[in-house]
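In order, the protein sequence lines correspond to chains P, U, W and C. Using our numbering, you'd call the opening residue of the first sequence number 1 and step up by one each time. Using our numbering, you'd call the opening residue of the second sequence number 314 and step up by one each time. Using our numbering, you'd call the opening residue of the third sequence number 627 and step up by one each time. Using our numbering, you'd call the opening residue of the fourth sequence number 893 and step up by one each time.
Take every hint as true, because none was put in to throw you off.
Here are the simulated lysine to any residue pairs, SDA-like style, with alpha carbons at most 20 Å apart:
hint	chain 1	residue 1	chain 2	residue 2
1	U	K477	U	G439
2	P	K10	P	A21
3	U	K456	P	D181
4	C	K1135	P	P65
The hints are simulated quantities; they were obtained by calculation from the structure and are not laboratory data. Values in this document were obtained by computation on a predicted structure and should not be read as measured data.
Each chain, written out:
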Amino acid sequence: MEPLIMATEKADLRVSIGSLALQNPVMTASGTFGYGREFEDFVKLRGLGAVVVKGISLAPRAGNPPPRIVETACGMLNAIGLENTGVDRFISDKMPYLAALGVPVLVNILGDSVEEYRQLAGRLAGIPGIGAIEVNISCPNVKKGGVAFGTDPQMAAAVTAAVKGCSQVPVIVKLSPNVTDITVVARAVEEAGADAVSLINTLIGMAIDLRSRRPRLANVIGGLSGPAIKPVALRMVYQVARAVAIPVIGIGGIATAEDAMEFMLAGATAVQVGTANFVNPGACDEVIAGIAAYVTEQKMGSVRELIGALRVC
Amino acid sequence: MEPLIMATEKADLRVSIGSLALQNPVMTASGTFGYGREFEDFVKLRGLGAVVVKGISLAPRAGNPPPRIVETACGMLNAIGLENTGVDRFISDKMPYLAALGVPVLVNILGDSVEEYRQLAGRLAGIPGIGAIEVNISCPNVKKGGVAFGTDPQMAAAVTAAVKGCSQVPVIVKLSPNVTDITVVARAVEEAGADAVSLINTLIGMAIDLRSRRPRLANVIGGLSGPAIKPVALRMVYQVARAVAIPVIGIGGIATAEDAMEFMLAGATAVQVGTANFVNPGACDEVIAGIAAYVTEQKMGSVRELIGALRVC
Amino acid sequence: MSQFQQKVELICFEALTEDIVRLTFNAPKIAAMARPGQFVMVQTSPGKDPLLRRPFSIHQVIRDGHLQILFKVLGKGTELLAQVRVGEQLSLLGPLGNGFTPGSPETACLVGGGMGIAPLLFLATRFLSKSSAAEVSPKMPMVILGARNRAELEPLVDDFRKVGVDVLAATDDGSFGHHGLVTDVLTKSNLPPGFGIYCCGPHPMMAAIARLCQQESRACQVSVETVMACGMGACLGCAVPLKAGGYAHVCSDGPIFEAEKLLWSL
Amino acid sequence: MSQFQQKVELICFEALTEDIVRLTFNAPKIAAMARPGQFVMVQTSPGKDPLLRRPFSIHQVIRDGHLQILFKVLGKGTELLAQVRVGEQLSLLGPLGNGFTPGSPETACLVGGGMGIAPLLFLATRFLSKSSAAEVSPKMPMVILGARNRAELEPLVDDFRKVGVDVLAATDDGSFGHHGLVTDVLTKSNLPPGFGIYCCGPHPMMAAIARLCQQESRACQVSVETVMACGMGACLGCAVPLKAGGYAHVCSDGPIFEAEKLLWSL
Ligand SMILES: Cc1cc2nc3c(=O)[nH]c(=O)nc-3n(C[C@H](O)[C@H](O)[C@H](O)COP(=O)(O)OP(=O)(O)OC[C@H]3O[C@@H](n4cnc5c(N)ncnc54)[C@H](O)[C@@H]3O)c2cc1C
Ligand SMILES: Cc1cc2nc3c(=O)[nH]c(=O)nc-3n(C[C@H](O)[C@H](O)[C@H](O)COP(=O)(O)OP(=O)(O)OC[C@H]3O[C@@H](n4cnc5c(N)ncnc54)[C@H](O)[C@@H]3O)c2cc1C
Ligand SMILES: Cc1cc2nc3c(=O)[nH]c(=O)nc-3n(C[C@H](O)[C@H](O)[C@H](O)COP(=O)(O)O)c2cc1C
Ligand SMILES: Cc1cc2nc3c(=O)[nH]c(=O)nc-3n(C[C@H](O)[C@H](O)[C@H](O)COP(=O)(O)O)c2cc1C
Ligand code: FES
Ligand code: FES
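Excised from the complex, chain P in its bound form (with noise of 0.2 Å):
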C-alpha cells in the first residue's frame, strides 16, 4: 500500500534473466572490466549487478601483436585478439576471487568450432559463482572459413544448443551488430534455447595512419566502441526486444545512468557498461546510483517498469 514511500527509502533495482535474479540492473561488458579485480579501488564490486568477465576460451591465447588500440571519434577501436589465461586458469586463478565478491559472474566464452564452445561450457559447469554463461558468437568459425558465427542464424543456434546442452546456469547470447538483420539472429538463438540475448558486440571499423600510410592496428580491422555506437546499439536493442519474448541486455556507449534508462525504455531488461569503464573506472557505481536516484525521484515502484516504457505513438 506504500510503494511510494518505500522507494525513497530505497528503491527497488532487482531485474532478472531468466532465472537470475540482480540486485540492479547494471553489468560490467565483457573485456573492458579484466577479471573485476583491477576495478577493487574504484567500484564498489559487491554493489554491481554482475560482473562480466574478459572472454575465456579453452586453451590460453596470447592476442595479437600490438598496436592493438586505437581512439576514434567518441569511440575506440579494439582488436585485442582475444588475449586471455584459458578456462583453467581462469577457474584456478580468477573464479576464487569473483565468487567471493557474492555478486553473480557471467563467463564470457568464445570458440573456434561449435565443440570448443561445448567443451567450455562443460568445464564451467558446477563452478561456484558463476550466474550465467554469456556466449560471444562473434568469433570466426574456423571450419567455416572464418564466418564470424554471430552472423548466421544457423550457426548461432547450434552454438546456443551446444551450450545449453552443457550448462544449468542462464546461457546468454552475446549478438553481434554486424548482420543485415539482427532479429532474425535474435530469434535464431532464442528458439535454440537462449535464456536471455546480449547486444552489441562491437561493429567492425578500421583506422589508417596517413603518415605512414598503414593500418593503425596490426589487425587491420577492430572492434569500434563507446559513446559513438550509442545510436546503432539502441536501435537494435528496440528491435530485438520486439522480436524475442527472452530478456535483452542492451550493450553500447553506456556512460551514464541515462544512457542505461535509455536502453530500458527501448526494452533491455539490464545493460552492461564497457569503454566507459576505461575513462571513468567508477562508471559502474554512478550508474547505478543514478537510476536509483531516478527511481526514487520519480516514485516508481521498481526500475523495471521502465523496460520497454518508450512511448511510440
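Following the hints, complete the assembly by docking chains U, W and C with the ligands onto the known chain P.
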C-alpha cells in the same frame, strides 16, 4: 621528365569515375549540400570535383514530421524522409544553375520500386550538366514489404540494371552499410553493370529522450552520419575496393584532407564530404586545398598514387 | 556575398544571471548584413563533440561591427559557450534566415518571453532608428516582455529602456511587473487594431498569441525555434508543419513566419 | 586503497618552451602513494572527444601532496591539457604501473631523452632522499639527459641541478652540452661496471641502450610507452612483445621493464 617540378607548380588531383573525369576527387554527399546554391557564399563551387545533389524521386515528397534530426556523440541522426521537389522541378528549377557551374552534377535518385528508378533514370537522360547518376538503394522496396533494396543483392542488382538500361552517363550505386557482408552487394551491382559504387550511406540508429520517454525522432529510427561512423566506413571501403574492379567512392565522417586521403589509401578513387558541410560549409574547399598541399609536399606525380596505397604487410 | 563563415573574437562577456549570458563579438562582416530576426550558427567547440553548431538570434548589432547574442545555459553547447573568454575566437555563420519584416504594419507591439526577448532588442532599435528609414518605421513600438523572475527580466528591460523604449513587464513569480503571463498583459493593454505583433518566445506562448491575433485578425510575425543541423537550407532538418499542409524550413523560410501560416500544435 | 580516481586542482602552470608544459596538481592521495616510474592517466576533456585518458609519467612529487607532470604538445589531448588554467579541476587516475626498482643496483646512471626525462627527476630525488632510506640508495646518481636543443633541455637540466644532481647534457643541434646522442655520452663516460641504467626516452634510444647494456651485462630498467585505453590492466590494449614470446602489458606489468626481457624491434 619533370613531374616533381610540375607537381609543385600545380598538384595533379584529377581522377576518373568510369568515363567521368573529375578535376579532383572531392564531391559533396547527397542530402548534405542542398542543391549546391545554398553554399555559394561559402565554397568555390566551380572548384569541386563534383556536386552530388539531394536525393530526387519521381514525385515530390513532403518528408517526415519533425523532429527530423538529433545530435549524437560525434555524429547525428537524420530522418528527413527524403523530402524533395520531385524530378521535374529539379530539372526545371535546380539544374540550370548547377549546369552553369561547369562541374559534373551527380543526381542521387531514389524510388519505391525498380520501375520508379527506371523512370527516374529515363527522365534524367540527356539533361545537360548531369555527369552521373548515383542510385540510392537504401530505400525500402514497397513491393517487398519495405526491405531496403540495398540489403538484398538481387534487388540491388535489379535496380542497377534498370537504371543502367536508361542512362548514357555513368551509374554509381550507393551502398547501404546495414548489411552482413557489403562486398556481396558490391559485387552484385558490379555484375549488373554499375560503373562505380559509393559508400557508405548512413547506419541505422535511434535516440531516446528519457524525460519524455519518447524517441527523439518522430520517425523513431534514423540514419547515423558524421565522424562517429568513419571507422566503419573506412573498413567497408577497404573491403569493397578489394572485392570489385570498378572505382569506389568513399563516404562517411570525412571532414578534413587527412580523412579524405585515408579513404583513398583504403582504395577510394574519390570521396564525398557529408555532415561536415553542416559544421563547416567551407569544408570541401579545405579538403581540396589540403590534398593539393599534401600531393605537392610529398612530391607526388598525382593524387592517384594514393588510391589503394595502404601498406598492409 | 551576403552570408559569411567567420572566426570572430569575443570582446565582451556578461553574465546577466547565473545562467543567462550575453556575448559580444567583433564580427564586422556579419554585423553589416544583419537584420532583426536573423540568426547566427555558433560553433561551441573546436572538437567533434558537440558536433553541430547552435543557432542564436542576433540580439543586437552595435557600432563598429559588434554583434551580440543572448542565451540561457541549457545543455552541452551553451555550457561551453558560457566558458569562452574575452580574446578567444569562435566560428560564426551568418546572418541566416529571413528576419522580421518590420514595415508591415508600421505600428508594432513586440512581445517576448524568456530568451525570446533576444531578437527583440535589435528589432526595437531598428524601429527607432532614423538612419535606416527606408526599411523601418520611425514609430515607437510597444514592448511586452516576460520571464520567470526579476533577476532574469530586469537587466533586459533596462536595455530596452536605455535605447528609449518603454516596457510592460511580466514575471511568473510576480517579482517584477505583472504577476503572470505576457499574454495577460497583451490582452489587458487593449492594443489598437493597427498594431502588428512581433513575437518570440516559448512555443505555448507563441501559440496563445497566434490564436489571439487570429481572433482579432491582427498581423502577427513569430520567430520559430527547431533543432537545426546546418542553418542554411541544406539538411532539411528544421521542418515545421504548415497549415496548408507540408512543411516549411525554419532556417531558410524562417525563422520568422506569419503566425497564421503555421500549424500550431497544443 | 592504493589507486585513486580524483578530481584535482591545477595549482601551477609552466610553459618551459612553446610546446613543453609542466603542470602541478594538488593531488595528495595520489602523491602520497606515488613511486618514481609510475604514471597517471589524465582526462584531457570533460566531453567525449577525445574519449580516452592520456598517460603521463609522474614527473615529481613535492611537499604538501603536489604532483607534477611534464609533457610535450603532440595532438588533441596534450593541446587541451596545455589550455587548462590554474584553479581548474581535472580527473587523475593513479598512481599506476610498477615504477622503477631503484635499489637494484644501488649505483645508478639515469639516462633520459626528450619527454623521457619526465620520470627521472622524481627518481633522482628519491636516490638522494634520506627520508625513504629503506627503499632507495643514498648514493648520488649519474644523470645523462638529451633533447633536441638548448631551449628544450636547459630548464630540465636546471631542475636536476637544483635538487643537487649534476647532469651530462646532449642536444641534437649541439646548442647545449654534447653535440649528438645521449648514447654517445654514455659510451664515452666509461660507466663503472656496478652502475645500473635507468632509462626513459624514444624507442630507438632505449633500444640502443638496451643493446649496449646487454653487451656489457649491465642491469638496465627502461620505461616503455604504448597506446593505452585504461592504464590499469583491464583492456589488454597496451601489449609489448617479450623476448621469451607472448606479451607483457605496459600498464600493469610495466611501464618499467628489465630491458633484456623485451623483444626490441629496430
Ligand atoms: C533560430 C533560432 C534562434 C535561437 N535563438 C536563441 C537565443 O537567442 N537565445 C537562446 O538562449 N536560445 C536560442 N535558441 C535556442 C538555442 O539554439 C538552444 O537553446 C541551444 O541550441 C541549446 O544548445 P545546448 O547544446 O546548450 O543544449 P542541448 O544539449 O542541445 O539540449 C539541452 C536540453 O535543452 C533542450 N533544448 C535544446 N534546444 C532547445 C530549444 N531551442 N528550446 C528549448 N529547449 C531546447 C534539449 O531538448 C535538451 O533537453 C534559438 C534557436 C533557434 C532555432
Ligand atoms: C606510461 C606512459 C608515460 C608517459 N609519460 C609521458 C610524459 O611524461 N610526458 C609526455 O610528454 N608524454 C608521455 N607519454 C606519452 C603521452 O601519453 C602521449 O604523448 C600523449 O598521449 C599524446 O596525446 P595527444 O592526444 O596529444 O596525441 P594524439 O592525438 O593521441 O596523437 C598525436 C600524434 O602523436 C603521436 N603520439 C601519440 N602518443 C605518442 C607517444 N607515446 N609517443 C610518440 N608519439 C605519440 C600519435 O601517433 C599522433 O601522430 C607517456 C606515455 C605512456 C604510455
Ligand atoms: C578492449 C575491449 C575488449 C573486449 N573484449 C570482449 C570479449 O572478450 N568478449 C566479448 O563478448 N566482448 C568484448 N568486447 C565488447 C564489449 O563487451 C562491448 O560489447 C562493446 O565494447 C560495446 O560496448 P561499449 O560501447 O560500452 O564498450 C570488448 C570491448 C573492448 C573495448
Ligand atoms: C541530413 C542528411 C540527408 C541525407 N540525404 C541523403 C539522400 O537524399 N540520399 C543519399 O543517398 N544519402 C543521403 N544522406 C547520406 C549522406 O549522403 C552520406 O552517405 C552519409 O551522411 C555519410 O556521410 P557523412 O558521415 O560524411 O555525413 C543524407 C545524410 C544526411 C546527414
Ligand atoms: S537547419 Fe538545415 S535546412 Fe534548416
Ligand atoms: S592500458 Fe588497458 S590494460 Fe594496459
